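Participant: Those protein sequences? They're chains G and X, same order as listed.
If you're matching positions, the first sequence starts at 23 in the numbering used here and goes up one per residue.
If you're matching positions, the second sequence starts at 82 in the numbering used here and goes up one per residue.
This list has only true hints and no planted wrong ones.
Below, simulated DSS-like cross-link-like pairs (lysine-lysine); rule was C-alpha separation at most 25 Å, straight line:
id, chain 1, residue 1, chain 2, residue 2
1, X, K103, G, K84
2, X, K103, G, K80
3, G, K94, X, K103
4, G, K94, X, K160
5, G, K66, G, K80
6, G, K84, X, K160
7, X, K139, X, K160
8, G, K84, X, K139
9, X, K160, G, K66
10, X, K139, G, K80
11, G, K61, G, K80
12, X, K160, G, K80
These aren't lab readings, by the way, just hints derived from the structure by calculation.
Since this is a predicted model, take the numbers as computed values, not measurements.
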Amino acid sequence: MIDTASLTDLIRSALPDARVEIEDRTGTMDHFNVTVHSKSFAGKTLIEQHQLVYGALKGALKDGRVHAVELKTLIPEKVQ
Amino acid sequence: MDPLREEIDREIAANKIVVYGKGTKSMPRCGFTLETIEFFDRFGYPFEVVDVLENVPKREALAEMTNWPTLPKVFIDGKFCGDTDILGPMAQSGELQTLLEQSFGHAGQPKTTIELH
Numbered sequence: 023m024i025d026t027a028s029l030t031d032l033i034r035s036a037l038p039d040a041r042v043e044i045e046d047r048t049g050t051m052d053h054f055n056v057t058v059h060s061k062s063f064a065g066k067t068l069i070e071q072h073q074l075v076y077g078a079l080k081g082a083l084k085d086g087r088v089h090a091v092e093l094k095t096l097i098p099e100k101v102q
Numbered sequence: 082m083d084p085l086r087e088e089i090d091r092e093i094a095a096n097k098i099v100v101y102g103k104g105t106k107s108m109p110r111c112g113f114t115l116e117t118i119e120f121f122d123r124f125g126y127p128f129e130v131v132d133v134l135e136n137v138p139k140r141e142a143l144a145e146m147t148n149w150p151t152l153p154k155v156f157i158d159g160k161f162c163g164d165t166d167i168l169g170p171m172a173q174s175g176e177l178q179t180l181l182e183q184s185f186g187h188a189g190q191p192k193t194t195i196e197l198h
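The following block holds chain X by itself, in its conformation from the complex (with noise of 0.2 Å):
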């Protein structure tokens, strides 16, 4: 099998959320990839973000095992979810949240806000 094809079966396996983007989850480099982030900060469950802006054969690599050709592209539980455009409305009607819960086996965490008084 193609060793990118490999590479990425390996880390939708190791990782319940697999975010491919451009940039870091500490340094997004695309305004999409950031709204990717932040969307799933709210449900407090793990998730990997993978950089693939600067590599060329591993982005085809993907657009061609999903049939989808932009950035980010969101993997849950080993499976092509797409985009925001996507897991927006799943999570509008409640599909995302009971996905996730079923694939990690628990309620998610949001973090808390911690209020001084």
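Just chain G, with the same shape it has in the complex (with noise of 0.2 Å):
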């Protein structure tokens, strides 16, 4: 379980700019659905995005904090 400042404090760590957001699946706080607009996902591809997001949410998956997430990655438009 966790709460959704701290999601979001965990993606900004590794994605300063990211504009995040978090829908709770399950009630349980642990299955999310997260959709993160960053810059830095331009030029890069899908599997490199989603593996920026996830290597920073590496902990929180490991210690079973986060159970499951289903994610999308969004470049803002004005960059793309």
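Quick one: dock chain against chain with the hints and give me the complex.
Facilitator: Structure representation (structure tokens):
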């Protein structure tokens, strides 16, 4: 279990400019739909974009604070 | 080389599509694994599901190898392709169909529904 502010902080530790939208899928605060908008994704493949986010969430996934994530990464339109 | 890594290399070399997930094809034990099985059922190519739910060392070896902490993990033609969050958009753009046709050397043969009159 993790609160949305901590989850956002974790993602911003890797992607400081990220805009993060979080939806609790199950009401248990450990299965999330996460959408991340960041300029850092520009020029990267979808896999690389997801790897950036997962890199930041590695610890929380490993210790079980986060169980599952459905992830969506987006580049803010003006830098696309 | 690490024997677990060798085992994974053998599996992804022997099967064009490998899904590492929780549970088996006939008995998935995780919603995301089921979703991935249903996803590949639509394309009509053979695919292998490897259950790593209880195999923590192998899960760690896979995470290390792919820099991807979650299951399921999909490999196509030996190459890591993420999960349905990646494959879904690839299917929408047609990129996945091209990759599968190239890997298998032929178009997929989705199961057809037989209608009874």
